[in-house]
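Residue numbers (the numbering used here), protein chains in the order written: chain A, 1 to 534; chain B, 1 to 61.
It is possible that some hints are incorrect.
So the derived list for chain B, only partly shown, Cβ under 7 Å to chain A, looks like this [unchecked claim]: (1) Tyr30; (2) Met31; (3) Asn33; (4) Tyr40; (5) Pro45; (6) Phe46; (7) Leu47; (8) Lys49; (9) Val55; (10) Arg56.
Quick caveat, the hints were computed from the structure, so don't treat them as lab data. Glycine included, each C-beta is placed from N, C-alpha and C at the ideal position.
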Amino acid sequence: MGVLGNLIDSKLKKYDPIWMAENGKGGQRTRYYESTGVAKYREWRGLKDTMFDYVSWLNNVLAMGKMVASAPVPIMKGFWEYRWMGSFLGTFMFIDRLFEGYRDQELRVAHAQMHAIVKNLTGRIGYILSHDRRLGASQAKSEKLVPIDEVLPELFMTGFPDLYPVPLQTLPEFIICDVDQHIEPYYIDVAESFGLPADVCSRCAAETGVALDDAFPLVGKALITTNMPCNASEATSMFQRRRVGLPDYQATLAMIHNDDELALPFSKEIMKETIAFIEEQYNTKFNWKTFFEAAKRINEQNNFELEKWDYMKTGYTAEVGIAETLYKLYEWQSVNGADPYFNKVDRKVMKRLRKCYEDRYEPFGGKTRHRAFLWGPSAVYYTDFPTWIQNCWGVAIVLNMDSTMGFNMVDTEDEDRAMEDLTRLTQKATMRHMAVGGWDNVNAVWEWAHNFNCDMVLMNDNIACKGMLGVHSIMEEQARELGFHFIFIEHDLEDSRTVSRQNMRDCVNQYMSIVLNEEPLDPTIVSFDDSEAY
Amino acid sequence: MKFDWKKCFQILGKIGLVGLIGFAVTFTIYMGNFENKLIYYVVRPFLNKHYDSQVRDRRIV
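Using the sequences and the hints given, assemble the complete structure.
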């Protein structure tokens, strides 16, 4: 880095929160205004890493600038019309929070992946808003878009290259609830003001509220819904289809789906009918050639994922924590082979990960004390939970449940076999694979934890999820029998008013201090008020 | 035609100066977290006030 670089680093290291925590001079929370989540200044990570973080920030600024330039009028109208659009302004703060304490290799991997998300998402926002009838787009222009349920992976839509899939709930709810903890309570209140009980899953309530508030973009001429795997969620689908008012097909894939013999024939027919419905409604034909091209991309991504897992099992990896899980969630659930840029990023990242393994690189300065498998949904993102638990207690989140979704390969030559593989992949989507797709999937946490050499399992406990509440004590008993450190972390998914971020952190704080008798790495982030933060 | 080194250096100098000023401005914004402060204390309160005043048609049909 040179003499000048070393001089700058030695002079400015007193602003580095990791150095501050190590030397009893403060820590990550020192640079924040109380309760707001607004930092007085950005994290000093040493000259080299700070400059890298700055360039990454600049890249994201440019991506957002490009989005506005691509459709300035619809974007401005979108900000004016949709409350959730305002929340996207919190993205920079969100990224800063996620990567606190990241240095060196993990910082580079995290930013490469985050930029792919920002690039794809901003492009998508610009495109959707410029085709939104609510914002003035013509019927004809809007009809090239196909609204589909957010938990349907988009791979099947790559067979319609002339159409543009819009995971309907992703912009107003699925993604933005991670960025801003205050946005969904508004929509939840809208839903509850119509008598929707307050004890249903807050994701379902929020989506219902978005529908009733007319906050879904108005696009397309037919809708694909699905049986999101819980009763409250099915109700959401019903509210949504009524409100959206388009012809719809409900892609109700088998809920209990692990057994190919029992589930696959049924789900495969559903997939075929879904495709046939789009063909009929949009007067088009499924294109196997473009589908196979996309299938090759997702196969490559899944191959990379399996290789990454081998490194993650060892601890010598720069693919860690929230960067890993957020990228995988977005890449798999929202991109699903449709954007070659993600493959490009993956190739670049894989090179780095291979080198890290060869060099026996340990992330976070080798300060990890425990390795944890996390079973956590949205509430772990707006709380930047994996980052916090690493920085505060030295607990590495090795893998989150969002990274375990369908990783089967898809045949790229035979149409019938490809349809079967597509069905398997689609069944293994968010929620169906994790929570209510059968006991085997829930019980698999121990196997995941064991295979990834974890000594700890952190299970997010959605207090409104009736299905998972039923297995509470069984999980605790199993943890005791199998010898894992086990923490239930209560949360109300997207309603941070019921269980605050600090309430969630306290579940861990109590276990770490009382049961394990450990000292925090950074005392400034054990207990703090961030109730007004995004 | 003779290559005009002087003009070339002048252009490069100007590009360098613009780059330097651009870096100074953007790095100051970045390090001082000024864009987030602007969004949090000015833009979002303004937008929220607007959103709160919107009349939405929420009839269940």
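Please flag the earlier hints that this structure goes against, numbers listed from lowest up. 5, 6, 8, 9
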